[in-house]
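Line by line, the protein sequences are chains A and B. Letter 171 of the first sequence, counting from 1, is numbered 171 in the working numbering, and no numbers are missing. Letter 9 of the second sequence, counting from 1, is numbered 9 in the working numbering, and no numbers are missing.
If you're looking for bench data, these hints aren't it; they were derived computationally from the structure. It is possible that some hints are incorrect.
What the hints assert, rightly or not - Below, computed lysine-lysine pairings styled on DSS-like, alpha-carbon distance capped at 27 Å: (1) K120/A / K175/A; (2) K42/A / K174/A; (3) K167/A / K85/B; (4) K22/A / K175/A; (5) K22/A / K42/A; (6) K142/B / K71/B; (7) K175/A / K142/B; (8) K14/B / K106/A; (9) K71/B / K85/B; (10) K115/A / K175/A; (11) K22/A / K167/A; (12) K106/A / K22/A; (13) K85/B / K14/B; (14) K115/A / K42/A; (15) K14/B / K115/A; (16) K174/A / K85/B; (17) K142/B / K174/A; (18) K174/A / K120/A; (19) K70/B / K85/B; (20) K142/B / K85/B; (21) K175/A / K42/A; (22) K14/B / K167/A; (23) K175/A / K14/B.
Predicted, not measured: the structure shown is a model, and the values here were computed from it.
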Amino acid sequence: MIVFISGGVRSGKSSFAEQCAKTIAQETCSLHYIATAMRTDKEMEARIAHHQHERQYDRWQTWEQPYDLDVLLPIFSERHVVLLDCLTNLWANELFRDDEWNVHVKVPRIAQQIKQLGEKVQALIVVSNELFCGGVPCERGTYAYMHGLGLLHQHIAAWSDVAILMKYGLPIVKKGRWLCGVELY
Amino acid sequence: MHFVSGGAFQGKRKWVNAYYSLTHTPHIWHCAYERPLPPPHDEKTASVVVLEGIEQWIRERFLPYTDEQKKAMMSYVHAWEQWEKEGERTVVWIGCDIGQGIVPIEAHERAWRDAVGWSYQQLARICSRVDYVWCGINEQIK
Numbered sequence: 001m002i003v004f005i006s007g008g009v010r011s012g013k014s015s016f017a018e019q020c021a022k023t024i025a026q027e028t029c030s031l032h033y034i035a036t037a038m039r040t041d042k043e044m045e046a047r048i049a050h051h052q053h054e055r056q057y058d059r060w061q062t063w064e065q066p067y068d069l070d071v072l073l074p075i076f077s078e079r080h081v082v083l084l085d086c087l088t089n090l091w092a093n094e095l096f097r098d099d100e101w102n103v104h105v106k107v108p109r110i111a112q113q114i115k116q117l118g119e120k121v122q123a124l125i126v127v128s129n130e131l132f133c134g135g136v137p138c139e140r141g142t143y144a145y146m147h148g149l150g151l152l153h154q155h156i157a158a159w160s161d162v163a164i165l166m167k168y169g170l171p172i173v174k175k176g177r178w179l180c181g182v183e184l185y
Numbered sequence: 001m002h003f004v005s006g007g008a009f010q011g012k013r014k015w016v017n018a019y020y021s022l023t024h025t026p027h028i029w030h031c032a033y034e035r036p037l038p039p040p041h042d043e044k045t046a047s048v049v050v051l052e053g054i055e056q057w058i059r060e061r062f063l064p065y066t067d068e069q070k071k072a073m074m075s076y077v078h079a080w081e082q083w084e085k086e087g088e089r090t091v092v093w094i095g096c097d098i099g100q101g102i103v104p105i106e107a108h109e110r111a112w113r114d115a116v117g118w119s120y121q122q123l124a125r126i127c128s129r130v131d132y133v134w135c136g137i138n139e140q141i142k
């Protein structure tokens with residue numbers, strides 16, 4: 001199962017996604033967190049520390065995987081609930097790994113990796129960002145980034161059982177059903 | 001008429017294609033990013049006309065967004081509305097949502113955003129149906 005959660009900056013999507021993962025896992029599944037941020041500078045270190053602190057009292061196992069999601073595939077089974085936070089980091093790391101920035105090669109590959117992971121585990125929760133409503137930049141790198149992320153969103157939303165747009169900490173269910181934060185279909 | 005909006009790269013074109021089954025429906029598709037949007041001629045062969053890239057069409061033709069230009073824009077929209085009424089026809093307008101970013105520093109860019117927002121309001125008022133597409137999923141908002 002795939003749950004797709006997207007939203008603006010500080011829309012509460014990460015904490016909602018963690019809550020969502022725990023709800024699905026209950027007592028029967030273990031919780032896994034795929035962290036995608038690269039440790040590039042002090043600000044990123046601080047953000048990582050903040051997120052780690054938030055999770056430390058829970059039963060999360062963290063996997064630092066800034067790219068090549070398929071490396072983790074053999075680890076997981078239907079006894080696992082996996083949270084991928086977030087797709088925007090993963091996509092940036094993948095796209096700008098080389099100088100080609102080839103959206104049409106990379107998007108299908110990453111989309112397939114996410115699909116496979118979603119089929120293998122009890123639930124895969126994918127967190128991403130909304131950045132499509134402020135105009136389209138001319139600059140080639142940013143254009144390729146937005147283009148690819150938009151395509152990934154469409155693929156993942158199409159394969160997801162539940163697709164949620166977060167606004168101000170409130171979930172807007174665009175696809176599937178989410179009942180009172182308890183049951184999930 | 002039908003107005004379809006949504007953020008960039010959200011599958012607006014794909015959704016319109018699927019919704020109107022355009023692979024087997026006679027239609028004409030005009031894209032403002034390729035050439036300027038034309039006025040309605042005698043396009044009798046098509047039951048569906050799609051006008052894509054409204055934001056670009058506004059950028060090219062209706063800036064800096066004077067009263068005269070607003071009038072010209074509205075008469076263009078009404079011309080298509082009239083064309084639609086003359087037969088079993090549908091006009092679909094596709095416009096990218098560009099109004100939710102940081103306010104641009106350049107006056108021209110600000111005027112563009114204003115003009116686009118204003119025209120989308122007019123289109124939403126005039127069209128009988130409005131959809132907003134997010135990740136390929138439409139939400140009918142009118």
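Hint check results:
At most 27 Å may separate the alpha-carbon atoms for a hinted pair to count; K120/A and K175/A meet this at roughly 21 Å. Among the hinted pairs, K42/A with K174/A is inconsistent with the structure: their alpha-carbon atoms are about 36 Å apart, more than 27 Å. Among the hinted pairs, K167/A with K85/B is inconsistent with the structure: their alpha-carbon atoms are about 39 Å apart, more than 27 Å. For the given pair, K22/A sits about 20 Å from K175/A by alpha-carbon distance, which is consistent with the 27 Å threshold.
For the hint linking K22/A to K42/A, the alpha-carbon distance of about 30 Å lies beyond 27 Å, and the restraint is violated. Simply put, K142/B and K71/B have alpha-carbon atoms about 24 Å apart, close enough for the 27 Å limit, and the pair holds. A threshold of 27 Å between alpha carbons decides the hint, and for K175/A with K142/B the separation of about 19 Å falls inside it, so the pair holds. At most 27 Å may separate the alpha-carbon atoms for a hinted pair to count; K14/B and K106/A meet this at roughly 20 Å.
Restraint check for K71/B and K85/B: satisfied, since their Cα atoms lie roughly 21 Å apart, inside the 27 Å limit. Restraint check for K115/A and K175/A: the C-alpha separation of about 17 Å stays at or below 27 Å, so the hint holds. Our distance criterion of 27 Å between C-alpha atoms is met by K22/A and K167/A, whose separation comes to about 21 Å. For the hint linking K106/A to K22/A, the alpha-carbon distance of about 31 Å lies beyond 27 Å, and the restraint is violated.
For the suggested pair K85/B and K14/B, the alpha carbons sit about 26 Å apart, so the restraint of at most 27 Å is met. Between K115/A and K42/A, the direct Cα distance comes to roughly 33 Å. Violation of the 27 Å bound is thereby established for this hinted pair. Between K14/B and K115/A, the direct Cα distance comes to roughly 21 Å. Compliance with the 27 Å bound is thereby established for this hinted pair. Of the supplied pair hints, the one linking K174/A and K85/B is violated, its CA atoms being roughly 33 Å apart against a limit of 27 Å.
With a C-alpha separation of about 16 Å, the suggested pairing of K142/B with K174/A holds against the 27 Å cut-off. This hinted pair checks out: K174/A and K120/A have alpha carbons roughly 24 Å apart, not beyond 27 Å. Note on K70/B and K85/B: the hinted pairing holds, with a Cα-Cα distance of about 23 Å set against a maximum of 27 Å. Restraint check for K142/B and K85/B: satisfied, since their Cα atoms lie roughly 20 Å apart, inside the 27 Å limit.
Between the alpha carbons of K175/A and K42/A the distance comes to roughly 38 Å, so the proposed pair goes past 27 Å and is violated. Distance restraint check for K14/B and K167/A: the Cα-Cα separation of roughly 26 Å lies within the 27 Å cut-off, and the hinted pair is therefore satisfied. Restraint check for K175/A and K14/B: the C-alpha separation of about 18 Å stays at or below 27 Å, so the hint holds.
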